[in-house]
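J.: Chains A and B, in that order, are what the protein sequence lines are. So for the first sequence, my numbering puts the first residue at 747; every next one is plus one. So for the second sequence, my numbering puts the first residue at 747; every next one is plus one.
Watch out, some of these pointers could steer you wrong.
If chains are identical, the list can't say which one is meant, so a pair holds when it fits in one copy or spans any two.
[Said to hold, decoys possible] Restricting the straight-line Cα-Cα distance to at most 20 Å, the calculated cross-link-like pairs of lysine to aspartate or glutamate (DMTMM-like) are:
1) Lys942 with Asp778
2) Lys969 with Glu838
3) Lys969 with Glu930
4) Lys913 with Asp778
5) Lys884 with Glu925
6) Lys954 with Glu965
7) Lys942 with Glu911
8) Lys913 with Asp956
9) Lys913 with Glu752
10) Lys913 with Glu765
11) Lys954 with Asp940
12) Lys762 with Asp778
13) Lys762 with Glu938
Don't read these hints as lab results, they were simulated from the structure.
2 protein chains.
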Amino acid sequence: MNSTIETLLNHRSIRKFTEQPISEDTLTTILDCGIAASSSSFIQCTSVIRITEPDARQQLAIFAGNQPYVATAAEFLVFCIDFHRHQQINPEAQLGYTEQTLIGAVDTALMAQNCLVAAESLALGGVYIGGIRNNPAKVAELLRLPDHVMPLFGLCLGYPAQNPEPKPRLPQSLVIHQEHYQAEFNHQALAEYDDKVSNYYRTRTGGKKDTTWSQQITETLNKEARPFMQRFIRNKGFSTR
Amino acid sequence: MNSTIETLLNHRSIRKFTEQPISEDTLTTILDCGIAASSSSFIQCTSVIRITEPDARQQLAIFAGNQPYVATAAEFLVFCIDFHRHQQINPEAQLGYTEQTLIGAVDTALMAQNCLVAAESLALGGVYIGGIRNNPAKVAELLRLPDHVMPLFGLCLGYPAQNPEPKPRLPQSLVIHQEHYQAEFNHQALAEYDDKVSNYYRTRTGGKKDTTWSQQITETLNKEARPFMQRFIRNKGFSTR
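Next comes chain A alone, as it looks inside the complex:
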């Protein structure tokens, strides 16, 4: 167990921050770590928009479904898939392939995760804001994103003003398969995990919430999932073919 492993295993999302700013040097280091991540075929199709204007932050907090920490975190970064840069370099670039959306989402997430891990190693905390995809067109307009650029998620960073315990994750027996996808579903492992999650919530809420993971995902997946997303990304020039 080294300090990197410790940082990774100790991850929990931080949503309350002190007022301490992140120094420019520290932010530069964090972003350098992000940029150092792998890139599929060296394509480097991510852009990051750093938002500091309080009004814009406030608007983004609302667009994200009223998540106040988007406004209050020391830093808020919006990670975007960006093929506009490539189109400026090569106006004949063949864009719009579904494959490019996958590359973009993967590479952008690799970069962001490096930023978050770097930040956590420096005693900062953070939380991803997928909620900006509640209102992707409004976010894109506010950030003046041209075609072939789409906002993927935000990242709040700052010095933690809370210390939650890590949330229990699915056990390896349900996530890791050997040689092939396991045909037999491991019901016992799921039941044990459901108990663990329910205990976690019960402890954190003083008994008010005791949802299992199965209940939670059932509820989530009984609803539609941002059904406007297919049209939005096509309008931006993604996954049109």
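Model the placement of chain B on the given structure of chain A, informed by the hints.
T.: Coordinates of chain B only, in the frame set by chain A:
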């Protein structure tokens, strides 16, 4: 600068490995680090298939476009977006949303990057294998992936038998934007970066290759990008709406 930051900044893909195996304990730790990553709305929609059978490895190396290290690395993991698990728990789950493909790609990449960072902190090296998307249907068949599971990328891990220098990445001036997407393209920063990349290749190849980044992405994007991907993922139940 702490050791985590050092690990992150020192990243380079490793494609040559010694024969030293990765101990089961170490692999378990690496996978635990992966599972500890953030998950959008706690949905946890990733499965990892660990391939050890030499025949299967050989086939995957071919499917990936003849990348021999897929067969020779100590470990080869295939990272998949997995909503089949959710469907087993909730047969009424509303699946097929483009949004869920984005969540899946992002969360799967976050998990994988934690695995790679953990491995690198333990003196291992690795390389992502997007090449498995050259033949996604064959990969899915070999790994017996049911509907609502798609292979996203592979990851080779092992003890490095090479020590390449990190590849120069786009500078922050081209990747990080302040408040809005920068309307003015920074041609000078690109020219400087192109020089850097061309020097990097010249040094590494003894003068045989001196492509700039602009040339490289122009060539890549003048070709179609896995045009079968849209149909493949729809057949698997992704991005149908």
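J.: Look at each hint and say if it fits the structure.
T.: How the hints compare with the structure:
no.: 1; hint: Lys942 with Asp778; in the structure: between (37 Å within a copy, 17 Å between copies)
no.: 2; hint: Lys969 with Glu838; in the structure: between (40 Å within a copy, 10 Å between copies)
no.: 3; hint: Lys969 with Glu930; in the structure: neither (27 Å within a copy, 42 Å between copies)
no.: 4; hint: Lys913 with Asp778; in the structure: between (29 Å within a copy, 13 Å between copies)
no.: 5; hint: Lys884 with Glu925; in the structure: between (44 Å within a copy, 14 Å between copies)
no.: 6; hint: Lys954 with Glu965; in the structure: within (18 Å within a copy, 58 Å between copies)
no.: 7; hint: Lys942 with Glu911; in the structure: within (13 Å within a copy, 44 Å between copies)
no.: 8; hint: Lys913 with Asp956; in the structure: within (14 Å within a copy, 48 Å between copies)
no.: 9; hint: Lys913 with Glu752; in the structure: within (15 Å within a copy, 28 Å between copies)
no.: 10; hint: Lys913 with Glu765; in the structure: neither (25 Å within a copy, 37 Å between copies)
no.: 11; hint: Lys954 with Asp940; in the structure: within (17 Å within a copy, 58 Å between copies)
no.: 12; hint: Lys762 with Asp778; in the structure: neither (25 Å within a copy, 26 Å between copies)
no.: 13; hint: Lys762 with Glu938; in the structure: neither (31 Å within a copy, 41 Å between copies)
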